[in-house]
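So the sequences go chain by chain: A and B. Counting in this note's numbering, the first sequence runs from 1 upward without gaps. Counting in this note's numbering, the second sequence runs from 1 upward without gaps.
Simulated from the structure, these hints should not be mistaken for lab results. Don't take each hint at face value.
[What the hints assert, rightly or not] Derived Cβ-Cβ restraints for the label pairs, each shown as a range: (1) I65/A x T66/B: 41 to 51 Å; (2) S92/B x Y28/A: 49 to 59 Å; (3) N49/A x L105/B: 15 to 25 Å; (4) T147/A x G27/B: 33 to 43 Å; (5) G27/B x E60/A: 41 to 51 Å; (6) T66/B x S170/A: 16 to 26 Å; (7) L105/B x S63/A: 25 to 35 Å; (8) C107/B x A89/A: 25 to 35 Å; (9) K107/A x G27/B: 25 to 35 Å; (10) K108/B x I148/A: 43 to 53 Å.
[Said to hold, decoys possible] With a straight-line Cα cutoff of 27 Å, these simulated DSS-like cross-link-like pairs (lysine-lysine) come out: (11) K16/B x K51/A; (12) K108/A x K108/B; (13) K30/A x K67/B; (14) K169/A x K66/A; (15) K107/A x K108/B; (16) K20/B x K82/A; (17) K108/B x K35/A; (18) K63/B x K45/A; (19) K63/B x K30/A; (20) K108/A x K82/A; (21) K169/A x K64/A; (22) K63/B x K35/A; (23) K51/A x K108/B; (24) K64/A x K67/B; (25) K63/B x K64/A; (26) K16/B x K125/A; (27) K20/B x K51/A; (28) K45/A x K108/B; (29) K51/A x K67/B; (30) K67/B x K45/A; (31) K16/B x K82/A; (32) K64/A x K144/A; (33) K125/A x K20/B; (34) K108/A x K67/B; (35) K55/A x K66/A; (36) K107/A x K63/B.
Don't be surprised by glycine CBs; every beta carbon is placed ideally from N, CA and C.
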Amino acid sequence: MNKFINFTIFISLFLFSFYANSESSPEYQKLLLEKYYSSIDRYQKQEKNCKDISKVLPREIFSKIKINSSDLSVVLGYHFYKSFFECTATSRSEYFLVAPLLALESKKAREMVATSTELLMFDHKALIQVEMDYSMLDARLRNKLSTIQKLKSPFLLLESFELLEAENKSNDK
Amino acid sequence: MECQTINGLVFSYASKQAIKEIRRVEGLSSALLTITGVGTFANIFLANKVIEASYSLSTTDFKMMTKGMTAIPLMKRSIIERIAGLTALRVSTREERLFWKTIYLGCKGGE
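For reference, chain A alone in the conformation it holds in the complex (with noise of 0.2 Å):
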């Protein structure tokens, strides 16, 4: 029995990708990847767009909060992976609209989603890696932070860490 519903399952899906790929036409094929070749491209532009509003975050940051040097990189790192995720969030998600759909109609085409997808999603790997050490932080200074609307957006990282740990260093003497 098993093995006749995976025999199914494989005809099922040797037919499907068979549709798949020979039903679409050149046209639809062709604005596809014009699709995903301006998603691309409009991605790299909202990523600089987000850069170059990024500002350095100012010293009173954390006037009220006491945060040590090795916690700041932690709330720094997270905040900043975080803000730029946000504001790359429209041209990525237009982004991933396309890339499935082109993936679909040739061998080729999922080879060079597969490769752009892992190349757009570089920065999300990251803000889990970062988001590892940030909730191992207390609660309560992760539900004080979470208020502070300049970290919600983006802001330049070495710039603003340099700054607060200098602030750090002045005020511990």
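Fit chain B to the known structure of chain A by using the hints.
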């Protein structure tokens, strides 16, 4: 930022991980450039099929491909900058911090 000589640079675990990630980004973007570099419509969809009619591979075909191709190196650069920025926060020695800061900001002239 002015370019500086870094002596006695020893990479920590965080730096080694970041270097691995940068290599991956470099690999992905070169692969993508190779694919899109020959990524005309015919190459992507008709490579294994019999071409039954003549499809017009016009300037639009190459224009849209160029759009994608110019975006990739810029995307790559930005991803690497973010990796370098984050790593600069995670390392503890002055030399390592300077190394990642130079990648993050870039440098001109100097020693």
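If you test the structure against every hint from before, which numbers come out violated? Violated: hints 6, 9, 10, 12, 15, 17, 20, 24, 25.
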